[in-house]
Amino acid sequence: MINTSTLTKEELYKMKPEEITLLLYQALTKNIEDSIQAIKRKDFGKANQKLQRSNEIVERLGVGINYEAGVIADQLHVLYNYMSDKLFQANVRKDIETCEEVLKITNRIADGWIQSMASHKSGSKLNQAIKKKSSYEEQLDFNMENDKAGYKKSI
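Residue 0 is where the sequence shown starts when you use numbering that gives the first Met the number 0, and the numbers rise one by one after that.
The set of hints was computed from the structure by calculation and includes no laboratory data. Keep in mind it's a predicted model, so treat the numbers as computed, not measured. Glycine included, every Cβ here is placed at the ideal spot set by N, Cα and C. Each hint should be verified, as a subset may be incorrect.
[Unchecked claim] Have a look at the derived ranges for each label pair, beta carbon to beta carbon:
1. His76 <-> Asp110: 18 to 26 Å
2. Ser121 <-> Gln36: 32 to 40 Å
3. Lys15 <-> Lys41: 39 to 47 Å
4. Lys45 <-> Tyr81: 23 to 31 Å
5. Glu67 <-> Phe43: 20 to 28 Å
6. Arg59 <-> Arg92: 33 to 41 Å
7. Lys93 <-> Ser115: 33 to 41 Å
8. Lys15 <-> Asp42: 33 to 41 Å
[To be verified] Below are the SDA-like pairs computed for lysine to any residue, each with C-alpha atoms no more than 25 Å apart in a straight line:
9. Lys103 <-> Ile19
10. Lys29 <-> Leu102
11. Lys120 <-> Lys45
Assemble the whole structure, with the sequences as input and the hints as a guide.
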């Protein structure tokens with residue numbers, strides 16, 4: 000989890016898009032959890048504020064979809080619309096169960112996002128290792144060619 004309380008604008012601008020998406024998932028989770036607690040306390044003004052903020056975050060997630068990613072992008076679009084509708088319903092009704100439903104969806108998406116980021120990072124390390132190996136092999140080939148040339152000259 001990224002600590003957003005000490006995050007500066009400069010650090011935010013340096014973040015990769017996938018890290019910013021993770022921040023949005025974390026903020027969405029926090030706002031939904033806060034709205035649930037506010038509803039339990041019957042602080043409906045606070046619940047309204049947190050649910051509206053949650054809906055804004057879902058909208059921002061929807062705007063950030065890369066539709067070149069294929070079917071998954073279309074599925075996320077539909078899912079975000081569903082979540083937005085549910086958040087609106089939860090806000091009108093001050094319904095904890097609906098908030099919890101959206102929270103579960105958010106957590107599943109966030110977990111998948113984290114796994115995807117981790118596999119992408121390990122994949123990048125693997126690609127770097129392959130490139131290093133290839134350059135090492137090229138160097139060996141180069142040295143062997145030079146050794147052969149030197150051997151032929153001495154004969």
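Hint-by-hint comparison with the structure:
For the pair His76 and Asp110, the supplied restraint of 18 to 26 Å holds, since their beta-carbon distance comes to about 20 Å. Separated by about 37 Å at the C-beta atoms, Ser121 and Gln36 satisfy the suggested range of 32 to 40 Å. Distance hint check: the CB atoms of Lys15 and Lys41 are about 41 Å apart, consistent with the given range 39 to 47 Å. Remark: the range hint 23 to 31 Å for Lys45 to Tyr81 is upheld by a beta-carbon distance near 25 Å.
Taking 20 to 28 Å as the suggested C-beta distance range, the pair Glu67 and Phe43 does not conform, at roughly 42 Å. Taken as a hint, the range 33 to 41 Å is violated for the pair Arg59 and Arg92, whose Cβ atoms sit roughly 24 Å apart. Range check, Lys93 to Ser115: about 34 Å between beta-carbon atoms, so the 33 to 41 Å window is met. For Lys15 paired with Asp42, a C-beta distance near 36 Å keeps the hint of 33 to 41 Å intact.
A threshold of 25 Å between alpha carbons decides the hint, and for Lys103 with Ile19 the separation of about 20 Å falls inside it, so the pair holds. For the proposed pair Lys29 and Leu102, the alpha carbon gap of about 9 Å is at most 25 Å, so the pair holds. The straight-line distance between the Cα atoms of Lys120 and Lys45 is roughly 39 Å, outside the 25 Å bound, and the hint therefore fails.
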